[in-house]
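*Asks:* Based on the provided sequences and hints, a complete structural model is requested.
Protein sequences appear in the order of chains C and B. The numbering used here puts the first residue of the first sequence at 1, with every later residue one more than the last. The numbering used here puts the first residue of the second sequence at 1, with every later residue one more than the last.
Bear in mind the hints are in silico, worked out from the structure with no lab data behind them. Just so you know, not all the hints are guaranteed correct.
Stated by the list, open to error - Far from chain C, some chain B residues (derived; all Cβ distances over 10 Å):
no.: 1; residue: 83
no.: 2; residue: 92
no.: 3; residue: 105
no.: 4; residue: 106
no.: 5; residue: 109
no.: 6; residue: 111
no.: 7; residue: 132
no.: 8; residue: 154
no.: 9; residue: 187
no.: 10; residue: 219
no.: 11; residue: 224
What the hints assert, rightly or not - Short derived list, chain B residues pointing at chain C, Cβ under 7 Å:
no.: 12; residue: 69
no.: 13; residue: 73
no.: 14; residue: 75
no.: 15; residue: 78
no.: 16; residue: 91
no.: 17; residue: 103
Predicted model only: the values in this text are computed from it and were never measured. Virtual Cβ for every residue (Gly too), placed ideally from N, Cα, C.
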Amino acid sequence: MSRIRYFARETWTNIRRNLTLTFAAILTVAVGVMLVGMGLMAGYASGNALDRWEGGVQFEVFLNPQIDPSQIDALGIELQTHPEIDRIEFFSAEEAYALVSQQMADQPELLAQVSPEALPASYRVVPRSVEAELIESLAAQFRQRPGVMSVQTGREEVDAIRTWFTSFQGIVLLLSIVLSGASVMLIFNSIRVAMFARRREIEVMKLVGATNSFIRFPFMLEGMLHGLAGGIIGAIAAGALRGHVEGLFSRSDILAFFRSFVVTSNQFTTVVFVTVIAGVLVGMIGSAFAASRFLDV
Amino acid sequence: MIRFDNVTKLYKGETRAVNGVTLNIEKGEFVFLVGPSGSGKSTMLRLMTCEEKVTAGDIHVAGKDLSKLNSWRVPYLRRNIGSVFQDFKLLPNKTVYQNVAFALEVIGRPENVIRTQVPAILELVGLEDKHRRFPDELSGGEQQRVSIARAFVNRPLILLADEPTGNLDPDTSQELTSLLDRINRTGTTVVMATHDRTIVDRMRRRVIALRHGELVRDEQRGAYGSETDSPEALGVHPVDGASP
Ligand SMILES: Nc1ncnc2c1ncn2[C@@H]1O[C@H](COP(=O)(O)OP(=O)(O)OP(=O)(O)O)[C@@H](O)[C@H]1O
Ligand SMILES: [Mg+2]
Numbered sequence: 001m002s003r004i005r006y007f008a009r010e011t012w013t014n015i016r017r018n019l020t021l022t023f024a025a026i027l028t029v030a031v032g033v034m035l036v037g038m039g040l041m042a043g044y045a046s047g048n049a050l051d052r053w054e055g056g057v058q059f060e061v062f063l064n065p066q067i068d069p070s071q072i073d074a075l076g077i078e079l080q081t082h083p084e085i086d087r088i089e090f091f092s093a094e095e096a097y098a099l100v101s102q103q104m105a106d107q108p109e110l111l112a113q114v115s116p117e118a119l120p121a122s123y124r125v126v127p128r129s130v131e132a133e134l135i136e137s138l139a140a141q142f143r144q145r146p147g148v149m150s151v152q153t154g155r156e157e158v159d160a161i162r163t164w165f166t167s168f169q170g171i172v173l174l175l176s177i178v179l180s181g182a183s184v185m186l187i188f189n190s191i192r193v194a195m196f197a198r199r200r201e202i203e204v205m206k207l208v209g210a211t212n213s214f215i216r217f218p219f220m221l222e223g224m225l226h227g228l229a230g231g232i233i234g235a236i237a238a239g240a241l242r243g244h245v246e247g248l249f250s251r252s253d254i255l256a257f258f259r260s261f262v263v264t265s266n267q268f269t270t271v272v273f274v275t276v277i278a279g280v281l282v283g284m285i286g287s288a289f290a291a292s293r294f295l296d297v
Numbered sequence: 001m002i003r004f005d006n007v008t009k010l011y012k013g014e015t016r017a018v019n020g021v022t023l024n025i026e027k028g029e030f031v032f033l034v035g036p037s038g039s040g041k042s043t044m045l046r047l048m049t050c051e052e053k054v055t056a057g058d059i060h061v062a063g064k065d066l067s068k069l070n071s072w073r074v075p076y077l078r079r080n081i082g083s084v085f086q087d088f089k090l091l092p093n094k095t096v097y098q099n100v101a102f103a104l105e106v107i108g109r110p111e112n113v114i115r116t117q118v119p120a121i122l123e124l125v126g127l128e129d130k131h132r133r134f135p136d137e138l139s140g141g142e143q144q145r146v147s148i149a150r151a152f153v154n155r156p157l158i159l160l161a162d163e164p165t166g167n168l169d170p171d172t173s174q175e176l177t178s179l180l181d182r183i184n185r186t187g188t189t190v191v192m193a194t195h196d197r198t199i200v201d202r203m204r205r206r207v208i209a210l211r212h213g214e215l216v217r218d219e220q221r222g223a224y225g226s227e228t229d230s231p232e233a234l235g236v237h238p239v240d241g242a243s244p
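*Replies:* Okay, here's the thing in structure tokens:
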């Protein structure tokens, strides 16, 4: 009991004594672990979005322009009655042209080169299942049908987006490593200052036979608290970032993809856990380093 | 209680602070360590608390061979040794009570022990009515008494005092020495390094004299002596013979 009170009191005095350094250390930890959380969330969100996109949404069966209408209907019936397929939608060549001309409204000279006859009609297919493999096999099945020009799944786009997110995560990871290093050094320094401020106490403690671990403990605790505070602030910041980004993307009409750019609450719990632990670790490393460097018998 | 076997201490491989000292101090003895400045008195005391390691020879303190003592056990050795210094080493932001309690707190003594031991020791040193004062509200003598209380509150086997009266006037020095004497009578071994001729001569206790790190005199009921004043007198002893 007296021990606990002693440690609490000593640690609190230390923290109060050098508030500015404490703040600098805590904020650096916070930014560092927020980046860790951000990288993690970007990974989760892109993973979630890609899962949905890749598997779920739809694929498109483009028809040969020379196909005759009975063949179109036969194919339509086959698609519609297929057990794996939920529903389909037909886009005629004219509709495709309308869409293209809408997209190229500000580039009339380009549009002029596109003739409606050259554009293929298509079926947009929504499968029942969201499994990527199943959709690939479905697509492959229809690729063989007469009158089918090509079948496009979202695979290439998905791959491109995945690559982009991977490099984004790499950059964030690198930054968070750099910042974590800076946090360790700042905590090291603030613990060193705390120990210097308390050198008389330390001298007396050694004199009367306090063990090294007893002398170190309040300083380690202080470093850990810096880390914990930084970790919590970082986690809160990560949470705010999550809310902001999800709000932004949920209103996004441009890219349906981003609407599924969400982090589930389970995943967010993991993010919070990881960021807080990362903060505590940084604090422990910095203070352990300082304590062992400046507290020899 | 304290045994030196041919102990030599070299600082940075050159300064011979202690040179081939052999001595034995029994439990319950009161010993003055005298000698001119730089003769190695403080070094001797620091060797006993493991603040410094010997260069050669063996030291036994409280039954422990210090050269074989693991570094993690050093704190436990120090719990058996109280230390008092010329500059008191009190914590200025703690009261008298807190300064003394601190010594028990940091070795993990339970609160009820602290609550009974601290007032008892403050009474022993005569500061029970000043326990709420801060060190800078006390005289030098009172501050040194606080530091003695802190050194003795854990009832160590040995009390080491390095020029405890160095900053104090003769009367106060005398009071403090009698306090150390009383502590000695409880069975605690006391070793006091000092320059204070009056005290040493009046107490008539064992005197160990050092010069250039060497033991030059060890007398059971000794006086301050002359070799500590003038180096030339060493080996001649005209004053010793002339004194009544
Ligand atoms: N930490 C140290 N590093 C190097 N040399 C030291 C150290 N401490 C003491 N010395 C040297 O060792 C010798 C003995 O010093 P010590 O402090 O033991 O003497 P002392 O008898 O206590 O002197 P004083 O009466 O002035 O306190 C001196 O020559 C001193 O310069
Ligand atoms: Mg000295």
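*Asks:* Now, for every hint given, state plainly whether the structure supports it.
*Replies:* How the hints compare with the structure:
1. In this structure residue 83(B) is not separated from chain C by more than 10 Å, as the shortest Cβ-Cβ distance comes to only about 5 Å.
2. Residue-level check failed: residue 92(B) sits 8 Å from the nearest beta carbon of chain C, not beyond 10 Å.
3. At roughly 5 Å, the least C-beta separation between residue 105(B) and chain C is not larger than 10 Å, which violates its mark as non-interface.
4. Some Cβ of chain C comes within 10 Å of the Cβ of residue 106(B); the nearest lies about 4 Å off, and the non-interface call is violated.
5. Distance check for residue 109(B) against chain C: the nearest CB is about 7 Å away, which does not clear 10 Å, and the non-interface claim fails.
6. A cut-off of 10 Å between C-beta atoms contradicts the statement that residue 111(B) is not in contact with chain C; the least separation is 4 Å.
7. Every CB of chain C lies more than 10 Å from the CB of residue 132(B), the least distance being 18 Å, so the non-interface label holds.
8. Look at residue 154(B): its CB is around 7 Å from the nearest CB on chain C, not clear of 10 Å, so calling it non-interface is violated.
9. Consistency note on residue 187(B): stated as away from chain C, and its beta-carbon is indeed over 10 Å from all of that chain's, at 19 Å minimum.
10. Under the 10 Å C-beta cut-off, the non-interface status given to residue 219(B) relative to chain C holds; the minimum distance is some 30 Å.
11. No beta-carbon of chain C is positioned within 10 Å of the beta-carbon of residue 224(B); the least distance is around 28 Å.
12. The beta carbon of residue 69(B) is not positioned within 7 Å of any beta carbon in chain C (closest approach about 11 Å), and the interface hint is therefore violated.
13. Among the interface hints, the one on residue 73(B) is violated; its C-beta lies about 10 Å from the nearest C-beta in chain C, farther than the 7 Å criterion.
14. The criterion of a C-beta within 7 Å of any C-beta in chain C is met by residue 75(B), whose closest approach is roughly 4 Å, and the hint holds.
15. Taking 7 Å as the C-beta cut-off, the interface hint given for residue 78(B) holds, the closest approach to chain C being about 4 Å.
16. Interface restraint check for residue 91(B): the shortest CB-CB distance to chain C comes to about 6 Å, inside 7 Å, so the restraint holds.
17. Interface hint at residue 103(B): satisfied, since its Cβ lies 4 Å from the closest Cβ of chain C, which is below the 7 Å cut-off.
Checked against the numbered hints given earlier, the structure breaks hints 1, 2, 3, 4, 5, 6, 8, 12 and 13 and satisfies all the rest.
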